[in-house]
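All chains should be built: construct the whole structure from the sequences, respecting the hints.
Everything in the sequence shown is counted per the working numbering, starting at 223 for the first residue and increasing by one.
Just to be clear, a hint being listed does not mean it is correct.
[Claimed, not checked] 25 Å max Cα-Cα, derived SDA-like pairs, lysine to any residue:
hint : residue 1 : residue 2
1    : Lys323    : Val361
2    : Lys323    : Gly269
3    : Lys323    : Ile309
4    : Lys323    : Val301
5    : Lys323    : Ala378
6    : Lys323    : Pro369
7    : Lys323    : Phe313
8    : Lys323    : Pro359
9    : Lys323    : Leu355
10   : Lys323    : Leu237
11   : Lys323    : Ala235
It is worth saying that the hints were derived from the structure and are not from the lab.
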Amino acid sequence: MRRFVIFLGAGLALLILQTTLLAAPSGGWWRPDLVLVMVGYLGLYWGSLRGVLLTFLLGYAMDLLSGSMFGLHIFTRLVDFGAAYLIGQRFYRYSAVYDLKLCMVLALLDGVVTALFIQAAGAGTPAVEVAALLLIPQVLLAGIFCPPVFVLLQRAERVLRRPVPA
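Structure follows, in structure tokens:
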């Protein structure tokens, strides 16, 4: 339970960081999706009901704070979690290169699913325009920010696994 609460706090901190400080340099157009990177980590290393619940709560928080269609981020985060879990079960080799590739694939998947979701709902611009404007920078930013976020989360895991003195 302690690990879950601490990782929920870390996810919310990453959400605040990505929507404030990291959005400022580009005027809000391109910002790294740190929550997506964390969802990839959860899919690889947690892969359980707790990971799904934490992913749902992070998607819910993103929906509350984003102002977009409600349920969009919940749906895309759960799809990303499922993809990370399946990739982790089938193809994953524990190395930084695979982490980076996974984050980039998840960012690409997230962009495509989001564009299709928006197109299916009949709201916004066509999916091709969204992909041209946002997808490639998002994939690159996910690749850039994946290694430091994974290292931070792995260190937190190690600290939380230490026995608590009585």
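Next on the checklist: So, against the hints stated earlier in the document, which numbers end up violated here?
Outcome noted: none
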